[in-house]
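Asks: Now for the letters of each chain:
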Amino acid sequence: MTALATAAPALDLRTRFYEEIDPLLDAHPDVDVVLAVIGAGYMSRAIERHPGRVIDVGIREQALIGVAGGLALAGRRPVVHTFASFLVERPYEQVKLDLGHQDVGAVLVSAGASFDVSAGGRTHQAPADVALISALPGWTVHVPGHADEVAEILHREAAGTGRVYVRLSGQRNARPGPVDGRLHLVRDGAAGASSPLVVAVGPMLDTVLEATADLPVRVAWTATPHPLDAEGLRALAGPAPVLAVVEPYLEGTSAAAVAAALVDRPSRVLHVGVPGEVELRRYGTPPEHAAAHGLDAAGVRRRVTALLA
Amino acid sequence: MTTTSAPPAETATVPPSVRALVARVTGDEKHDPSAHSTLDVVWTLYDQVLRVDPRRPDDPDRDRFLLSKGHGPASTYAVLAAKGFFPEEWLDGVGTFDSPLGHHPDRTLVPGIEIGSGSLGHGMPIAVGLALGLRGRSPARVVVLVGDRELHEGSNAEAIQVAGRYGLGNLTCVVVDNHRAGEGWPGRIAARFDVEGWATADVDTRDQARLTAALRRTEPDRPTVVVVDTPQNLGNTPANEETA
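Going down the list, the sequences are from chains R and F. Numbers in this note's numbering are just positions in the first sequence, counted from 1, shifted up by 913. Numbers in this note's numbering are just positions in the second sequence, counted from 1, shifted up by 160.
Each hint should be verified, as a subset may be incorrect.
As the list claims (entries may be wrong) - Chain F residues, not near chain R, derived (Cβ > 10 Å throughout): (1) Thr173; (2) Arg184; (3) Pro214; (4) Arg215; (5) Arg216; (6) Lys243; (7) Phe246; (8) Asp266; (9) Glu274; (10) Gly293; (11) Gly314; (12) Gly344; (13) Val355.
Unchecked claim - Residues on chain R that point at chain F, a partial pick, calculated with CB under 8 Å: (14) Ile968; (15) Arg973; (16) Val980; (17) Gly982; (18) Leu984; (19) Leu986; (20) Arg989; (21) Leu1010; (22) Asp1061; (23) Glu1065; (24) Thr1137.
Said to hold, decoys possible - Within a straight-line C-alpha distance of at most 20 Å, the following computed SDA-like cross-link-like pairs (lysine to any residue) qualify: (25) Lys1009(R) / Glu313(F); (26) Lys1009(R) / His264(F); (27) Lys1009(R) / Gly1051(R); (28) Lys1009(R) / Asp266(F); (29) Lys1009(R) / Gly278(F); (30) Lys1009(R) / Arg267(F); (31) Lys1009(R) / Lys243(F); (32) Lys243(F) / Ala183(F); (33) Lys1009(R) / Ser279(F); (34) Lys243(F) / Asp219(F); (35) Lys1009(R) / Leu269(F); (36) Lys243(F) / Pro271(F); (37) Lys1009(R) / Thr268(F); (38) Lys1009(R) / Leu280(F); (39) Lys1009(R) / Gly262(F); (40) Lys1009(R) / His263(F).
Don't read these hints as lab results, they were simulated from the structure. Glycine included, each C-beta is placed from N, C-alpha and C at the ideal position.
Using the sequences and the accompanying hints, generate a full structural model.
Replies: Below you can see the structure in the form of structure tokens.
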């Protein structure tokens, strides 16, 4: 990560999140930030300027979510952060009960994504996080692909009351998109609504655009896969959809939502994501992991081409 | 330095009418250990300690009682009904489809129930968050009740540590010691809290005056634990899923 307090806002999503904590606490008096060590070293200015409002519970992730639930019950708006594996997977029952069952909200912001920590191995990788969160009632999932989107989502959701999961990734797009929860057409095709549609989620957009540059497909994008913009998908998909959904996490995570949206249409749908059946026991770089999972431009191109055949 | 937060003690003994309400929930006149082991504590809290008003169950400055040991909620239901949080008629048919009262309580269904509980080990971390959120903003106290076997859950250890490090003077944990933790707690339960800087008290549930005093006592800069020893003849029945 780059150093903070530089003139220009950070391009890295996670760094930008840390930069936004201080202005977030200024703008939203009811927000408290809850940490389990991770991130504390990057928000010293916020910690100094807002005593008591950045709560580091130590490496105690059950307490991380439980404390967030208690803060929400006290009328606070908790913004909770650590790696996805320790924010969603380790305290999953706390997410279910201490937030959902208590009927309170929180903004959970994860780092690490599916394989940002590729050299760290499986312990720090959480490709199933979005599927797990989506399985619980009342959650909204944002998967931003640009640092500006992170800031916009963060400030908007801090002002709300709902249960929100924000998934930060080391992968990003060159330009920000509109983070309004809708599905947006990014590139049209010569045949209009009869062209196959490729839906890119969050940071997969630039990869999908590269992969399909010379393919006869349209490309749409959303930063909010859950709840899926079913109305927008129906408007773009056409009467007999041929569709690919490219997600940077567990393959098929959005399959049920896509199927429900298109239930009354004869459709062929391909889901591209991190395969769930085999654990990739390799270290290396995130691009190497993307290639191994078929989530680089070449891999996405192979899958989409096969769908078109 | 200690502070008190309630009017002077009168009699805290559980009235027969409240015991009858517990029996109304449990459906028989026998002593149900899981229901009755907490009754003295819950009655004393609502009758002598907590600042709560059944007419204003959402008052932001109310004291909070969190039943972490969510099974055996009969005593809490009975006390809330006796204090007027909801009609006594609700105590009939607990656990049925149309009843707001279940075998584990749901805060969204019952006035006066502060958390939904049942899965062990969730109340303490929530109580720590509540205490952090209320500290400096409200005079409210947070009192969380756990069972001795519930303390097996590691989430409690996390919460005990966090509460100690943050010096949460507005937090009290009551451990009802039914002596059900099969392998026991070497060196006594309170030691787990003491080492993390909590103020500790060990009391016998039959000593009403000491129980009331212990539940009222708080310290400004550290949390308090009250370990309540329940009679062996209530606690040593065979363990089952309904007790902890």
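Asks: Identify whether the interface hint at glutamate 1065(R) stands, where standing means a beta carbon of chain F within less than 8 Å of its own.
Replies: 26 Å, violated
Asks: Between the alpha carbons of lysine 1009(R) and histidine 264(F), is the straight-line distance 20 Å or under?
Replies: 16 Å, holds
Asks: Next item in the hint list is threonine 1137(R). Is there a CB on chain F closer than 8 Å to its CB?
Replies: For threonine 1137(R), the interface hint is violated, since the closest Cβ of chain F sits about 27 Å away, which is over 8 Å.
Asks: Can the restraint linking lysine 1009(R) and threonine 268(F) be considered satisfied, given a maximum Cα separation of 20 Å?
Replies: The given pair, whose Cα atoms are some 15 Å apart, holds under the 20 Å limit.
Asks: Tell me if aspartate 1061(R) is really an interface residue toward chain F, meaning its C-beta lies closer than 8 Å to one of theirs.
Replies: Not OK, violated: aspartate 1061(R) not within 8 Å of chain F, min 31 Å.
Asks: Under the criterion of a CB-CB separation shorter than 8 Å, is leucine 984(R) in contact with chain F as hinted?
Replies: With Cβ-Cβ at 4 Å, under 8 Å, it holds.
Asks: Holds or violated: lysine 1009(R) with glutamate 313(F), Cα cutoff 20 Å?
Replies: 17 Å, holds
Asks: So if I understand the rule, the pair passes when the alpha-carbon distance is 20 Å or less; does lysine 1009(R) with leucine 269(F) pass?
Replies: 18 Å, holds
Asks: Say whether it holds or is violated: aspartate 266(F) keeps its Cβ farther than 10 Å from all Cβ of chain R.
Replies: 8 Å, violated
Asks: Quickly compare the C-alpha distance for lysine 1009(R) and histidine 263(F) to 20 Å and report which way the hint goes.
Replies: 19 Å, holds
Asks: Taking 20 Å as the top limit, are the C-alpha atoms of lysine 1009(R) and serine 279(F) close enough?
Replies: 11 Å, holds
Asks: Would you assess whether arginine 216(F), listed as outside the interface, keeps its beta-carbon beyond 10 Å of every beta-carbon in chain R?
Replies: 15 Å, holds
Checked against the numbered hints given earlier, this structure breaks hints 8, 9, 10, 11, 22, 23, 24 and 31; the rest are met.
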